[in-house]
Each structure stands twice: as C-alpha cells, then as structure tokens.
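Protein chains: 2
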Amino acid sequence: MVIEGIRSLLQHEKGIEWMGHATSASSCLAFLSQEQPDVILMDINLPDQSGIDLCKEVKQRYPSIFILGLSTFNQQSFIEKMLSNGASGYVLKNATQQEILDAINTVIKGKQYLSFDAALTFRKSDETSDNPILTRREKEVLSLIAEGLTNNEIAAQLFISPATVDTHRKNLLAKFATKNTASLIRKAAQMQII
Amino acid sequence: MVIEGIRSLLQHEKGIEWMGHATSASSCLAFLSQEQPDVILMDINLPDQSGIDLCKEVKQRYPSIFILGLSTFNQQSFIEKMLSNGASGYVLKNATQQEILDAINTVIKGKQYLSFDAALTFRKSDETSDNPILTRREKEVLSLIAEGLTNNEIAAQLFISPATVDTHRKNLLAKFATKNTASLIRKAAQMQII
DNA sequence: CATGTACTCCTGTTTTTCAGTGATTTTTAC
DNA sequence: GTAAAAATCACTGAAAAACAGGAGTACATG
Numbered sequence: 001m002v003i004e005g006i007r008s009l010l011q012h013e014k015g016i017e018w019m020g021h022a023t024s025a026s027s028c029l030a031f032l033s034q035e036q037p038d039v040i041l042m043d044i045n046l047p048d049q050s051g052i053d054l055c056k057e058v059k060q061r062y063p064s065i066f067i068l069g070l071s072t073f074n075q076q077s078f079i080e081k082m083l084s085n086g087a088s089g090y091v092l093k094n095a096t097q098q099e100i101l102d103a104i105n106t107v108i109k110g111k112q113y114l115s116f117d118a119a120l121t122f123r124k125s126d127e128t129s130d131n132p133i134l135t136r137r138e139k140e141v142l143s144l145i146a147e148g149l150t151n152n153e154i155a156a157q158l159f160i161s162p163a164t165v166d167t168h169r170k171n172l173l174a175k176f177a178t179k180n181t182a183s184l185i186r187k188a189a190q191m192q193i194i
Numbered sequence: 001m002v003i004e005g006i007r008s009l010l011q012h013e014k015g016i017e018w019m020g021h022a023t024s025a026s027s028c029l030a031f032l033s034q035e036q037p038d039v040i041l042m043d044i045n046l047p048d049q050s051g052i053d054l055c056k057e058v059k060q061r062y063p064s065i066f067i068l069g070l071s072t073f074n075q076q077s078f079i080e081k082m083l084s085n086g087a088s089g090y091v092l093k094n095a096t097q098q099e100i101l102d103a104i105n106t107v108i109k110g111k112q113y114l115s116f117d118a119a120l121t122f123r124k125s126d127e128t129s130d131n132p133i134l135t136r137r138e139k140e141v142l143s144l145i146a147e148g149l150t151n152n153e154i155a156a157q158l159f160i161s162p163a164t165v166d167t168h169r170k171n172l173l174a175k176f177a178t179k180n181t182a183s184l185i186r187k188a189a190q191m192q193i194i
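Chains A and B, in that order, give the protein sequences. The working numbering applies: residue 1 is where the first sequence begins, and numbers increase by one. The working numbering applies: residue 1 is where the second sequence begins, and numbers increase by one.
To be clear, the hints were calculated from the coordinates, so they are not data collected in a lab. This structure is a prediction, so every number in the text was calculated from the model and none was measured. Mixed in with the good hints there might be a few duds.
To give an idea of the chain A side of the interface with chain B (calculated C-beta under 8 Å), a few residues [as the list claims (entries may be wrong)]:
id: 1; residue: MET1
id: 2; residue: VAL2
id: 3; residue: ASN45
id: 4; residue: SER50
id: 5; residue: ILE52
id: 6; residue: ALA95
id: 7; residue: GLY110
id: 8; residue: LYS111
id: 9; residue: THR181
Beta carbons: idealized from backbone N, C-alpha and C, even for Gly.
Using the sequences provided together with the hints, build the complete structure.
Structure follows, in structure tokens:
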C-alpha cells in the first residue's frame, strides 16, 4: 500500500526513475546484487529484519547508495538509529509529495534531510531531553528489574554486590523522577526503553 | 503516502468510486457532513484524535457507513477496540490490492472482514488468551499501582481498606503470572492495559 | 438453591525496596 | 594526564510489598 503510494507519487516525476521495490530485507539485498539505485527509501518495519539493521548492511556493501529512512513512527530513537547506521535522512509516511521530492533531491547531493515533523521531535528531544540518559549498567539493571528480578538476583546475575544494584536502582529512580518501581517501569515502558 | 497508495490501487476498479480523503478526524467529519460514502478506510493514527474514537463518532452519526480499520499495527487490542467501536473490519497497511478489494466487498454486504495476519493474531490471542481478564476493581488498582501509589494511598483513593488493595494486588500478580510489581507493570504495559 | 465470582477485610511473617550518607576504584573524554 | 562520569561497595533504619491462609457478603446464573 505504501509502496504503491510512493510509486504513484514519483512515477511522473522527471529526473526520477523507479528501479524497483522489495518487501523484505532479503529480497532487497537480492535486488541490490543485480542493480544499484542512487537512493533507497527504506521502511523501518520489515518482516524478516529491522530496517535499521538492513540500513547498516546496505551501507557497508554499497556505500554510494543514499538511504532515506521511512516510517510511521516519529520517534527520536528510531531516527537516531537510522542516521547513525548510515541513513541520509528520515521521512514520515504522512509526508507530502513535495517532501519526498525534497528529501530525494537533498540526500542525492550528500546532504541530510529530515521530515518537518521528524526534525521537530528531534530538536525537541535534544533540548528538553525527556528521555533520561542511562549508563550501560543502569540499562542492564533496569531491564533485569523489569524482568522481575530482585536486587539479590540481579547482583548474582551481574556478578556485583547487591549494594551496587541498590545504588543503580536509586539512580534510576532519580533519573526517571519516580518514587517506586511501579512508576519507574511504567515510564520506561512508555519510553520504549524496556 | 498511504492515501496515494490506496487511491492508486483502487482508482481503476470498476464498481468503486473514490469520493475523497481526509487527513484528520475533524476534516473527516467535515467531509461527512457534505457527502457520505458507503465505506470508509480509517487509519488508527490521526493527528488530532484516535481513529478508534473517530470510528465510534462516525458510526453514531452515520450508522449506515461501513468502516474498515487501517493500521500498521497488528495488535489485538487495537483490532478489538476498532471492532467494538463499530468497525466492520481491519486491514493492515501491507495488505495486497486483492485483500483491500475483498475487504471492501465483504463489509459492504454487512459482513466482517479481517486481514489475514490480523485474523491470525486475533485468533491466537483468543485461544491462548494471553491477556488476563481483569475485573473493574483490579483494573482500577492496577492503574493506580502504575501511577506509583502505595497500597495505603490506593486504599485512601478508593475508600477501601489497605488489606483489600493487597488482595487485589495478589490477584493481579496471580493473573499475570508475575511475582512482583516490576514484572507486573511491564507485562501490563506491553499488553497496553495501562 | 447451590455454585461461582467479585469484593471486602483480617492477622502474621518474611522479603524487598527506599532513603540517606559516605567512600573507593575504573573508565571515559578532553 | 587530569577532570568528570561511571561503577563499585557498605551501613542503617524505615517503609512497602510479597507470601500464607482464612473468612464474610453480595449478586448473578444455571
């Protein structure tokens, strides 16, 4: 449905040639082994593999192809991951025809393009930073808490003292501005951290 | 983008007339006050309002219009809510042209249509019933727990004894097959209950 | 009317979490 | 190479949650 939409938005554009489409990561790689376009519009949600991972793979094999991330989700974490995996831009699925054209024309020059809304949330999350920045250990502890482990169990799992786990736990509560496990886990879940 | 896709998939179909499209709940209602189609393909993610709520509203005002839910998410809770709000079916955005045509032709006869994949998850969740059935009180207690309230605070809020809250809490842990608050909240969050 | 379900409440005990304070060692980054 | 950030650990006491087991009331449904 989305592929059809993009095709119909682009097919009459001069200067743009539609080379093909793929509906999975594997078929995309198979296609690329035959011919390589200048730009790929890559969905994040693929049946066999994450578009985020595929992006990295494609960029490794074919560094000259520019990739535009494509997703329904206007989520800072996704945008970040796509860009850090070599994507040149990010377009939302509710983008207008003009936006897509702008995006393609921008990235083909080697520049970065972000959808208007995407750029907004990107900037906002940069400024307000609503997602607390967690350290490696804190993330580990958080996800083990979410699994239902107690401090002692977590300590055993990570080969550290229960007291240390307790400290990480306190820091997590502070960073999330919560006062107990329940609200901590809820917030973390809402932020898609766990 | 998606609208373009559907339009291009349907525009050459005989027996189907494309009456228009809207990109928000409010513009949809404005459109419907002018003319009413037989079928609406309604996205769940709208900028101003949830498609789930809009579905209810449209069905109340125009009971004769059949609504097909449309979403990227193959989530049982969404499907359920759409159907209980009067939708006649649910189609995923990766549906084929044939699926959309089938869906439209099915619902227009007053029957229900579910996308293949949607029907799968629907049935699966029906059989295994991974979502525990909660009572009214349990839902209340659960959401207050998720807010970070303690048993005493919840008791005060609901005008019941802390002991009762404790009992509900025990039942919640049992129903979710969890052993503490952390994993309870995580599961509930994943099931979109809170 | 018996059975089941939901809601209510109780007494204890044990385990876990939360709060506060303080300190050492490793890593990381500039 | 040094300053900042992260990770480590300890102690105390209070608060909260988890576990166990029992028990009464209301209400609907078969």
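Against the structure, test the hints numbered earlier, and report the numbers of the ones violated in rising order. Violated hints (numbers, rising): 4, 5, 7, 8; every other hint is consistent with the structure.
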